[in-house]
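Undergrad: One-letter residues, chain by chain:
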Amino acid sequence: MAINNQYNTNVMQPSYNDKVTKTISDIIGELNQNDVLSKVERDEIEDHFYCELDELTELGLMEEEALLIARKRFGLLEDVSAEYKKVSPQWNLMQYGIIGVVGYCLVCSITLFVNMISEWFWMLYYQVDPYFVQKNILLDIPMRFILVLICGLLLTKVISKMNLTNLRALWKIPILYVVLSLIQRGLSFVVLPSLMHPYISKHLELFAISNIVTNTTFAFILIVASIKLYKIRILELRQE
Amino acid sequence: MISKDLIAASSIPLVLSILNEGEDYGYSIIKKVMAASNNQLQWKEGSLYPVLKKLEKKELISSVIRVENGRKRKYYSINRSGKDRLEVLKNEWQLITNTIQMLCNPATTIK
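Residue numbers (the numbering used here), protein chains in the order written: chain A, 1 to 240; chain B, 1 to 111.
Source of the hints: derived by calculation from the structure; they are not laboratory data. Glycine is no exception: its CB is placed at the ideal position from the N, C-alpha and C atoms. A hint or two may mislead.
[Unchecked claim] Simulated coverage check for chain B against chain A, where a stretch passes if three residues somewhere in it have a Cβ under 8 Å from a Cβ of chain A:
1) 13-27
2) 48-55
3) 63-73
[Stated by the list, open to error] Below 30 Å or equal to it, Euclidean Cα-Cα: the simulated DSSO-like pairs (lysine-lysine) are:
4) B:K72 with A:K22
5) A:K19 with A:K72
6) B:K44 with A:K22
7) B:K44 with A:K19
8) A:K39 with B:K32
9) A:K86 with B:K72
10) A:K22 with B:K90
11) A:K39 with B:K83
12) A:K85 with B:K72
13) A:K85 with B:K4
14) B:K32 with A:K22
15) A:K85 with B:K44
16) A:K86 with B:K44
17) A:K86 with B:K4
18) A:K85 with B:K57
19) B:K54 with A:K39
20) A:K22 with A:K39
21) A:K39 with B:K31
22) B:K32 with A:K85
23) A:K86 with B:K32
24) B:K31 with A:K19
25) B:K31 with B:K54
26) A:K86 with B:K83
27) A:K72 with A:K86
28) A:K72 with B:K57
29) A:K86 with B:K58
30) A:K72 with B:K32
31) A:K22 with B:K54
32) A:K86 with B:K31
Given the sequences, and given the hints that come with them, work out the whole structure.
TA: Okay, structure coming up:
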């Protein structure tokens with residue numbers, strides 16, 4: 001189910017007075033109280049109101065009068081909002097599982113990619129000057145930490161704001177993850193013999209710390225994301 | 001005035017029938033339903049959009065966003081599975097109509 005966004009950058013605003021525009025915006029805000037609408041859906045409802053206003057003002061009604069009629073015809077906002085919630089897959093537990101798996105793969109794939117690059121640089125430094133190797137290893141820990149934090153924040157934002165009807169498109173991420181894993185394993189196989197150098201062996205504890213920090217952060221992000229999703233679900237069940 | 005339940009039950013076949021004629025957007029679908037029913041079938045207009053979302057989620061229809069007169073407009077079109085579903089729904093409605101007709105007016109011949 002593809003939604004092809006073909007937005008034109010030259011968007012003209014509807015020529016209604018500020019009061020009308022604000023009222024429509026408020027109506028949509030009220031409809032979207034529980035974040036049931038995606039951006040596309042908000043635009044769709046907005047278009048609906050402007051279509052109705054166009055038609056009614058063409059018949060000779062004042063803008064405010066036309067808006068009152070449009071508002072009445074639209075029906076109770078609570079009812080529409082409740083209908084939206086029923087069809088929103090974000091409230092489906094199975095989708096939660098998918099979000100978890102996809103989210104984990106998303107974080108893994110990005111960190112994996114960065115790890116590959118950092119390892120490549122690391123090897124480069126190692127060949128130039130052993131002193132830089134130590135510096136680079138130390139740099140690796142905060143770099144990974146910051147990166148996974150950024151990924152975690154992005155993931156949480158995506159879960160909150162994304163149009164979950166497009167969730168299937170995210171299955172590309174695990175595929176990417178598998179591809180990157182294969183590349184990484186392949187590279188490790190080639191690079192591994194050179195890791196046996198005495199200098200590297202001596203500083204292996206730094207790698208261990210780096211991995212512990214990274215994995216703990218992963219776990220932390222997943223726990224936070226799960227709690228957030230769990231709270232949303234509980235709220236939803238109460239409202240039902 | 002047609003009952004709320006009947007309107008809700010008929011919304012999916014109505015939407016699919018309109019989209020079977022060609023790509024369309026929410027407001028236009030509402031107007032076409034009203035015109036086809038001679039203004040007898042009056043939806044609460046806001047209720048159409050969750051129906052469209054449900055159909056899209058079930059992959060019976062798909063959508064594309066275009067900009068018209070400076071406004072972002074979401075156009076829907078029916079999918080292969082939507083056409084199949086429409087055929088099933090048509091048959092179901094036909095059966096119900098025939099049954100009601102037969103029970104209410106036994107003299108009427110069922111076609």
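Undergrad: The structure should be examined with respect to each hint, and the outcome stated for every one.
TA: Results of checking the hints against the structure:
1. With a threshold of 8 Å between beta carbons, the proposed coverage of the region 13-27 of chain B by chain A holds, since 3 of its residues qualify and at least three are required.
2. Taking a C-beta to C-beta cut-off of 8 Å, the region 48-55 of chain B contributes 5 residues in contact with chain A, enough for the three needed, and the coverage statement holds.
3. By the rule of at least three residues with a Cβ nearer than 8 Å to a Cβ of chain A, the coverage given for the region 63-73 of chain B holds, with 10 such residues.
4. The straight-line distance between the Cα atoms of K72 of chain B and K22 of chain A is roughly 18 Å, inside the 30 Å bound, and the hint therefore holds.
5. Our distance criterion of 30 Å between C-alpha atoms is met by K19 of chain A and K72 of chain A, whose separation comes to about 17 Å.
6. Taken as a hint, the K44 of chain B and K22 of chain A pair is honoured in the structure, with Cα atoms around 22 Å apart against an allowance of 30 Å.
7. Proposed proximity of K44 of chain B and K19 of chain A is supported: the alpha carbons are some 24 Å apart, at most 30 Å.
8. Between the alpha carbons of K39 of chain A and K32 of chain B the distance comes to roughly 26 Å, so the proposed pair stays at or under 30 Å and holds.
9. Pair hint K86 of chain A plus K72 of chain B holds up; C-alpha atoms about 25 Å apart against a cutoff of 30 Å.
10. Our distance criterion of 30 Å between C-alpha atoms is broken by K22 of chain A and K90 of chain B, whose separation comes to about 42 Å.
11. The hinted pair formed by K39 of chain A and K83 of chain B meets the criterion: a straight-line CA distance of about 28 Å does not exceed 30 Å.
12. In summary, the hint linking K85 of chain A to K72 of chain B is supported, as the alpha carbons are separated by about 23 Å, within the 30 Å threshold.
13. In summary, the hint linking K85 of chain A to K4 of chain B is supported, as the alpha carbons are separated by about 19 Å, within the 30 Å threshold.
14. Taking the CA atoms of K32 of chain B and K22 of chain A, the gap is about 29 Å. The hint holds against a cut of 30 Å.
15. With a C-alpha separation of about 17 Å, the suggested pair K85 of chain A and K44 of chain B falls inside the 30 Å cut-off, and the hint holds.
16. For the hint linking K86 of chain A to K44 of chain B, the alpha-carbon distance of about 17 Å falls within 30 Å, and the restraint holds.
17. Among the hinted pairs, K86 of chain A with K4 of chain B is consistent with the structure: their alpha-carbon atoms are about 18 Å apart, no more than 30 Å.
18. Restraint check for K85 of chain A and K57 of chain B: satisfied, since their Cα atoms lie roughly 13 Å apart, inside the 30 Å limit.
19. Between K54 of chain B and K39 of chain A, the direct Cα distance comes to roughly 17 Å. Compliance with the 30 Å bound is thereby established for this hinted pair.
20. Restraint check for K22 of chain A and K39 of chain A: the C-alpha separation of about 17 Å stays at or below 30 Å, so the hint holds.
21. Taken as a hint, the K39 of chain A and K31 of chain B pair is honoured in the structure, with Cα atoms around 24 Å apart against an allowance of 30 Å.
22. For the suggested pair K32 of chain B and K85 of chain A, the alpha carbons sit about 26 Å apart, so the restraint of at most 30 Å is met.
23. A threshold of 30 Å between alpha carbons decides the hint, and for K86 of chain A with K32 of chain B the separation of about 26 Å falls inside it, so the pair holds.
24. Straight-line distance between C-alpha atoms of K31 of chain B and K19 of chain A comes to about 26 Å, which keeps the hinted pair within the 30 Å bound.
25. The hinted pair formed by K31 of chain B and K54 of chain B meets the criterion: a straight-line CA distance of about 20 Å does not exceed 30 Å.
26. For the given pair, K86 of chain A sits about 24 Å from K83 of chain B by alpha-carbon distance, which is consistent with the 30 Å threshold.
27. About 23 Å separates the Cα atoms of K72 of chain A and K86 of chain A, which keeps this hinted pair within 30 Å; it holds.
28. With a CA separation close to 28 Å, the supplied pair K72 of chain A and K57 of chain B stays within the 30 Å bound.
29. Restraint check: the Cα-Cα separation between K86 of chain A and K58 of chain B comes to about 13 Å, which is no more than 30 Å; the hinted pair holds.
30. A threshold of 30 Å between alpha carbons decides the hint, and for K72 of chain A with K32 of chain B the separation of about 19 Å falls inside it, so the pair holds.
31. Between the alpha carbons of K22 of chain A and K54 of chain B the distance comes to roughly 29 Å, so the proposed pair stays at or under 30 Å and holds.
32. About 25 Å separates the Cα atoms of K86 of chain A and K31 of chain B, which keeps this hinted pair within 30 Å; it holds.
Hint check: a violation occurs at hint 10 only; the rest are consistent with the structure.
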